[in-house]
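2 protein chains.
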Amino acid sequence: MVAMGARPLARSEVEVLVREVLRQRMAGRINPPPAREARVAAARGGQNAPNPLVVNVSARHVHVTPADLEALFGGGATLTKHRDLYQAGEFASEQLVTLVGPRQRIIPNVRILGPTRGYSQVELSYTDGVYLGIDLPLRVSGNHDGTPGITVLGPRGALTLDRGVIRAKRHVHMSQDDLSHFGVRDGDEMKLRIHGPCGVTFDGVVVRHHPRVILEVHIDTDEGNACDIESATNIELIK
Amino acid sequence: MVAMGARPLARSEVEVLVREVLRQRMAGRINPPPAREARVAAARGGQNAPNPLVVNVSARHVHVTPADLEALFGGGATLTKHRDLYQAGEFASEQLVTLVGPRQRIIPNVRILGPTRGYSQVELSYTDGVYLGIDLPLRVSGNHDGTPGITVLGPRGALTLDRGVIRAKRHVHMSQDDLSHFGVRDGDEMKLRIHGPCGVTFDGVVVRHHPRVILEVHIDTDEGNACDIESATNIELIK
Chain A
-19 MVAMGARPLA RSEVEVLVRE VLRQRMAGRI NPPPAREARV AAARGGQNAP
31 NPLVVNVSAR HVHVTPADLE ALFGGGATLT KHRDLYQAGE FASEQLVTLV
81 GPRQRIIPNV RILGPTRGYS QVELSYTDGV YLGIDLPLRV SGNHDGTPGI
131 TVLGPRGALT LDRGVIRAKR HVHMSQDDLS HFGVRDGDEM KLRIHGPCGV
181 TFDGVVVRHH PRVILEVHID TDEGNACDIE SATNIELIK
Chain B
-19 MVAMGARPLA RSEVEVLVRE VLRQRMAGRI NPPPAREARV AAARGGQNAP
31 NPLVVNVSAR HVHVTPADLE ALFGGGATLT KHRDLYQAGE FASEQLVTLV
81 GPRQRIIPNV RILGPTRGYS QVELSYTDGV YLGIDLPLRV SGNHDGTPGI
131 TVLGPRGALT LDRGVIRAKR HVHMSQDDLS HFGVRDGDEM KLRIHGPCGV
181 TFDGVVVRHH PRVILEVHID TDEGNACDIE SATNIELIK
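First to last, the sequence lines map onto chains A and B.
The working numbering puts the first residue of the first sequence at -19, with every later residue one more than the last.
The working numbering puts the first residue of the second sequence at -19, with every later residue one more than the last.
Certain hints may be false.
If chains are identical, the list can't say which one is meant, so a pair holds when it fits in one copy or spans any two.
Stated by the list, open to error - Subject to a maximum C-alpha distance of 25 angstroms in a straight line, what follows is the list of computed PhoX-like cross-link-like pairs (lysine-lysine):
no. : residue 1 : residue 2
1   : 149       : 171
2   : 171       : 219
3   : 149       : 219
4   : 219       : 61
These aren't lab readings, by the way, just hints derived from the structure by calculation.
Being a predicted model, the structure only gives us computed values, none of them experimental.
In isolation and in its complexed conformation, chain A is listed as follows:
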């Protein structure tokens, strides 16, 4: 694991970073992986299920506190909606940031998901981690003990998070009706079976209960590409 320093960057340090990034980019040495928007990948109703089974691929993204948003986008900044996500009230914002890894490699145009949260968090794939040189811990959202940090650049400022960079553990959001239907409890692990030409069964899909969510599985881009989720012929969530 490679952790960044915890203190905020000085203006001179940001200038050095940006100059280095530009220099490397000019030299063709800055080659982050492609970004991809999350999208509804497949939806199938289970037997007598209260809700359709939807699997969404989460592209790399960032969550921010109101204070961190202001540090990046200036005083009084708020998140504005780019498009709605599947869960009511959740949205991809218009606000984009640049991530600077420990090897000074950057990934630009990383979207902030709204609304703001009580913690800032950066969710990356292992492909991103290899590129940036960060050994990503596998975590449920919000569990930041021992996680690495990263530098985030916004149009009005830079921010060094001292922790909160993770690969999100595969998970499924469930309402009480969904818990009852599948016979599981919050924190249980299930299997997600993707049938198709690149068939895969994912173990360890964590059940995350919230009274106001809709049934939705989240996997990341590595997982979505490994099983070619777009070509799936059927999908099952198995206890």
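Once you've looked at the hints, dock chain B against the given chain A.
Chain B alone, transformed into the frame defined by chain A:
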């Protein structure tokens, strides 16, 4: 699927391509995904198995005919060894090429694997395909019917392949002893179970028999990252 033209590029067209690539690179719009060398990811002996079970992650790579090698590296060019691969006689060469996709996006530093073959072939992950804008067909090596092409740049010339760009279907190389041990035949499909924090079971692992190979599973970088193969605690190959 986005196919490239079949005819060779004229010098003036190559110049236009390279100028465009350089222009985009200067503007910071050329951002291919990270390259990664294939590596032995895990090895476990099965029960009474004649050979250890080895899973290797294949990073994107190219195979070439002797004629295509000369088109890229000049008359009389040969492949020189960078390092040995797991199968005897196979090697990662020192020769690197640049791939130019249909959207003029490029992936530089793609390694040619040797020795030369009777066909040229480009093996990419879906992450690469998304980046380049190529809808990759899932194929066993050498099956090029209906596959897209791509432009390949070498230090001494450019080459437009009219086909041969694939995502390699997961496969396992087996000797006769391995076939007997697992009770399978060439062309059968097996399951590869990866135990660990990102546990995954891959369906459709094609058995490929050759009298002189060692038991070896090949998956690509998307698959290797989806299951975090480096963190695997056990691996099973199941009929």
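*In ascending order, which of the hints set out earlier in this document are inconsistent with the structure?*
4
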